[in-house]
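Hey, can you work out the whole structure from these sequences and the hints?
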Amino acid sequence: MVKFPDMQADWIPLFASFATGVILTVFLFRQRWVESLYACWALGGGISLVLYVVWSTQVGDFLWIRLVSLALLLVPFFHLLNMAVTARRVRICVALARHPQGLTEAKLIAALRLESMGAHRIRILQQFGQVRVAGGKVILIRNEFLWIARCLNQIKKTMGIPEFL
Amino acid sequence: MTGASSWDWALFAFSLLAALVATYPAVENRSPVFVAVFLLSRAKRRSLPAHTLAQELKKRIQGHQIVRFTAQGGYIWKNGSRYLSTEKGRWIGVIFGHLQDILGLHGKIS
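Protein chains in written order, with my numbering: chain U, 1 to 165; chain L, 1 to 110.
Treat each hint with caution, since some may be false.
Just so you have them, the derived chain U footprint on chain L, three or more residues with Cβ under 8 Å [what the hints assert, rightly or not]: (1) 30-41; (2) 61-74; (3) 92-106.
Stretches of chain U that chain L covers, calculated by requiring three or more beta carbons in the stretch to come under 8 Å of a beta carbon on chain L [unchecked claim]: (4) 59-71; (5) 104-115.
No lab work stands behind these hints, which were simulated from the structure alone. Heads up, the beta-carbon is just placed ideally off N, CA and C, and yes, glycines get one too.
As structure tokens, then:
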């Protein structure tokens, strides 16, 4: 039988770093300095990890397993944020929760805000320096996102999931 | 890993499981950003007019199909010409509605 000792104060760096990462990610996204939720999370999460390393090293209680756990905990946190921001079914549920008397199909489709989707994605690509917009044309100027997309497509193919295109 | 207690291993197991559960839908997701990158990479001179790119992205997401899938998933149901939340859909709507408010998104109907 595994015996769990009492949790001690040396856990504070781990949970405080996680909380800092969560708050920082939400703060950055709310400010809209960076359009991409992923970039906000990467910044917030990255600072959270660094904070844990610095803090726990200073109190002499650094553990690799806690650093890995912290990094892993940031994944479902991002998934929750991503669902709130981009998941279309969630948007429909939120729209209906705000209009309990019900909505027509046209109103539900309007709640998906598909009209602004293209412009928003172009702004994200611009902020990452992947595209240049000139004379109403969008030009792909870098390849990093393309490489990531190809890798993800390969994973999708292996898992039997429909690919991007 | 010396010094790791049972709590450390328990937290590690929990976070690993949570990360794995969250990863599958992330891989399954058809991110419009990556779709846009693919469309541009396959276009002549790797460029497309902004409105064409927006249209191409919109074309791949059928609004009525999403509504139908949401109903099939048991989140909403149709009552005459209107859709209403099921109990499951209402909980998701309330919880994520609060989260959207925290994130500064105001899910108003446009």
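Consistency of the hints with the structure:
Three residues within the 8 Å Cβ limit are the bar, and the segment 30-41 of chain L against chain U gives 12, so the coverage statement holds. Look at the segment 61-74 of chain L against chain U: 8 of its residues bring a Cβ nearer than 8 Å to a Cβ of that chain, three or more, so the hint holds. Only residues whose beta carbon comes within less than 8 Å of a beta carbon in chain U count, and the segment 92-106 of chain L has 11; three or more means the coverage holds. Figure legend: the segment 59-71 of chain U, annotated as covered by chain L; annotation consistent (7 residues with Cβ-Cβ distances under 8 Å, at least 3 required).
Look at the segment 104-115 of chain U against chain L: 11 of its residues bring a Cβ nearer than 8 Å to a Cβ of that chain, three or more, so the hint holds.
Consistency with the previously given hints is maintained throughout, with no hint failing.
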